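Colleague: Residues per chain, in single letters:
Protein chains: 2
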Amino acid sequence: MRGVSELRGGIDLGGTKIQTAIVDATGEVLGQARRPTPTDGGPAGVAEQMAEALREAATMAGVEPSELQGVGVGSPGDADEKTGTVSSAKNLPDWEGSFPLGETLAEALGTEVRVGNDVQVATEAEFHLGAGREFQSLIGVFWGTGVGGGLVLDGKPWLGRGAAGEIGHMVVKRGGAKCPCGRKGCMEAYAGRSAMEAEARRQYEEGHKTDLFKLMEKHEKPRLTSGIWERAIDHGDALAERLIDRAIEALGTGVASAVNLIDPEAIIIGGGLGIRFGERYMEPLTKEMSKHLFVDERPPAVRVATLGDLGGAIGASLLFAR
Amino acid sequence: MRGVSELRGGIDLGGTKIQTAIVDATGEVLGQARRPTPTDGGPAGVAEQMAEALREAATMAGVEPSELQGVGVGSPGDADEKTGTVSSAKNLPDWEGSFPLGETLAEALGTEVRVGNDVQVATEAEFHLGAGREFQSLIGVFWGTGVGGGLVLDGKPWLGRGAAGEIGHMVVKRGGAKCPCGRKGCMEAYAGRSAMEAEARRQYEEGHKTDLFKLMEKHEKPRLTSGIWERAIDHGDALAERLIDRAIEALGTGVASAVNLIDPEAIIIGGGLGIRFGERYMEPLTKEMSKHLFVDERPPAVRVATLGDLGGAIGASLLFAR
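Chains as they are written, first to last, in numbering that gives the first Met the number 0: chain A, 0 to 321; chain B, 0 to 321.
None of these hints come from the bench; they were simulated from the model.
Just so it is clear, the structure is predicted and the values come from calculations on it, not from any experiment.
Incorrect hints may appear among the rest.
Where chains are identical, the list cannot tell them apart; a pair therefore holds if satisfied intra-copy or between any two copies.
Computed cross-link-like contacts, DSSO-like style, restricted to lysine-lysine with a CA-CA straight-line distance of at most 30 Å [as the list claims (entries may be wrong)]: (1) Lys155 to Lys81; (2) Lys81 to Lys290; (3) Lys89 to Lys16; (4) Lys177 to Lys286; (5) Lys290 to Lys177; (6) Lys220 to Lys286; (7) Lys183 to Lys217; (8) Lys183 to Lys290; (9) Lys89 to Lys208; (10) Lys286 to Lys89; (11) Lys286 to Lys183; (12) Lys155 to Lys208; (13) Lys16 to Lys213; (14) Lys89 to Lys290; (15) Lys220 to Lys177; (16) Lys183 to Lys220; (17) Lys155 to Lys220; (18) Lys155 to Lys16; (19) Lys89 to Lys220.
Isolated chain A (complex conformation) (with noise of 0.2 Å):
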């Protein structure tokens, strides 16, 4: 039947989450399923839920997996197009190697599966579907956790050797803050969650006030999530104030930097922390970009993220439309 060939499945696999979707060629979404990313069970065991979350989307649209165009996969870590494997994805559990996903996917559902990196199919899906469908070049910047980049030039994806996009790891200060990745200086030392988090409990525990922790305690969170950060915000915490301006200033920065190099027609802002401050901190953040602008009477456009949680699932149904 050919219209049930042309929906395709989108599998978006987090740290916490596991989000899958199923799309149909003009992107809407007719079936969804969310599940957390299990602990244990190690690369095998996340592969079953990620199976699982997908069949429960298919249920949804009235569709088998084995009817699907084929199941698009976002992964983190180093996640090879060619061969389907995932490597040191370190943010999930017991991933330390190589696990061959694509291939244990398509045994587990029957249809082909083509895995690609999180950040640069979230991207691409903008590109197609949201924030960036009016241009043609873009640099998707997704601030959350770490802080991942994707690009799209001249209507297509741009993965260089297959590690193209890793704005956060551009440098904006030789020298400066530790990274988690272990270099110094990396925009995500000073805009990433984790980093953030870091340096907050560091000046915590050094003396200085902030109700981040009471408020993360209060709602039961493991980690300063974004929306902890939104309402201390919202709190007039001074300390969170302070390292949110500072996660600004780096993201103008490295930003800029990768626009001097590109001269894309539009950066757009997405990820946890994006999708949360973007409108909220516009005016800042192409201010602090424009500092450093080469050409800066004509910046790129700057646009928040519209296709929220389901970007990532949708982008990655989406390699199956290159």
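Knowing the structure of chain A, use the given hints to seat chain B on it.
Modeller: Chain B in isolation, oriented as in the chain A frame:
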């Protein structure tokens, strides 16, 4: 005659000299000429000398300018490929506004003229005929008076919205040294020859010892040329060594940021300082770079440009081979 029509002219317009070449379809240079860039007469005077120098090269190659397939120009400033207009070429005399360089030269030479960015066309020359021949994606880094850049992605020039490649104005240190462009912390603020000279003079006037300015006077140079820097380094001049090391640190950091974003196969180092110091400082440069590479086990190839002084003119002629 078909053979003749396959010849192309190229003009490299620099702040101090005009270099022309007549190039055949294989990239061989059949004629060349060089003249100083006139310091009076404004853009029209410069265009006149460009036409003269091109005629001289054509005579050497035994061809009339009007018989050429066309003449390409690599220009500093804001060179608009679509209109052939060059604006705000601040290192050219009295060239603050816009000038229809392409149109003026086309009339003077009786052939089609295309205008491109000087660093971009030099990058393309290295891609097609020089140090970048074996690669499909590369970044050209031209380390001279300033630090310019050019991009070739998937075998094609990447111009962005016309201003891509400004690698010298990627930020390596937020809040850092003042750049000749007026901003702070750009790579060029540490690595450009102009910025290095300004810093050397500042330190010299503060009482730091250096032979740099004595050498400049002895060799009757108006500024600290690449050759003067080399002589000082050869003499073990400590201040010169410190400033070159500082430049190498900035270059390594900025290039690593660019690689993290684009993940190209190769980096081609050109420009006056790049050609003079590229091999000599290859080890510290790649070491600095690898400190900041996100995927450090697989660095891009780093090569020194091989077309030398003629690269710009050859690259300009290739505007007719794209």
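Colleague: Against each hint, give a clear statement of whether it holds in the structure.
Modeller: Taking the hints in turn, this is what the structure says about them:
1. Lys155 to Lys81: both (17 Å within a copy, 23 Å between copies)
2. Lys81 to Lys290: Only across copies: Lys81 and Lys290 sit 28 Å apart there, 40 Å inside one copy, limit 30 Å.
3. Lys89 to Lys16: Close inside one copy (15 Å), not across copies (54 Å); limit 30 Å.
4. Lys177 to Lys286: Both: 25 Å inside a copy, 19 Å across copies.
5. Lys290 to Lys177: both (24 Å within a copy, 13 Å between copies)
6. Lys220 to Lys286: Classified as neither; 33 Å inside a copy, 42 Å across copies.
7. Lys183 to Lys217: Classified as neither; 33 Å inside a copy, 43 Å across copies.
8. Lys183 to Lys290: both (22 Å within a copy, 9 Å between copies)
9. Lys89 to Lys208: Neither, since 32 Å and 51 Å both go past 30 Å.
10. Lys286 to Lys89: between (34 Å within a copy, 26 Å between copies)
11. Lys286 to Lys183: both (25 Å within a copy, 15 Å between copies)
12. Lys155 to Lys208: Intra 48 Å, inter 54 Å, cutoff 30 Å: neither.
13. Lys16 to Lys213: Within one copy, since 25 Å is at most 30 Å while 66 Å is not.
14. Lys89 to Lys290: between (35 Å within a copy, 20 Å between copies)
15. Lys220 to Lys177: within (25 Å within a copy, 44 Å between copies)
16. Lys183 to Lys220: Classified as within; 29 Å inside a copy, 40 Å across copies.
17. Lys155 to Lys220: neither (39 Å within a copy, 49 Å between copies)
18. Lys155 to Lys16: Answer is within: at 28 Å inside a copy they meet the 30 Å cutoff, but 39 Å across does not.
19. Lys89 to Lys220: within (21 Å within a copy, 56 Å between copies)
In this structure, the earlier hints numbered 6, 7, 9, 12, 17 are contradicted, and the remaining ones agree with it.
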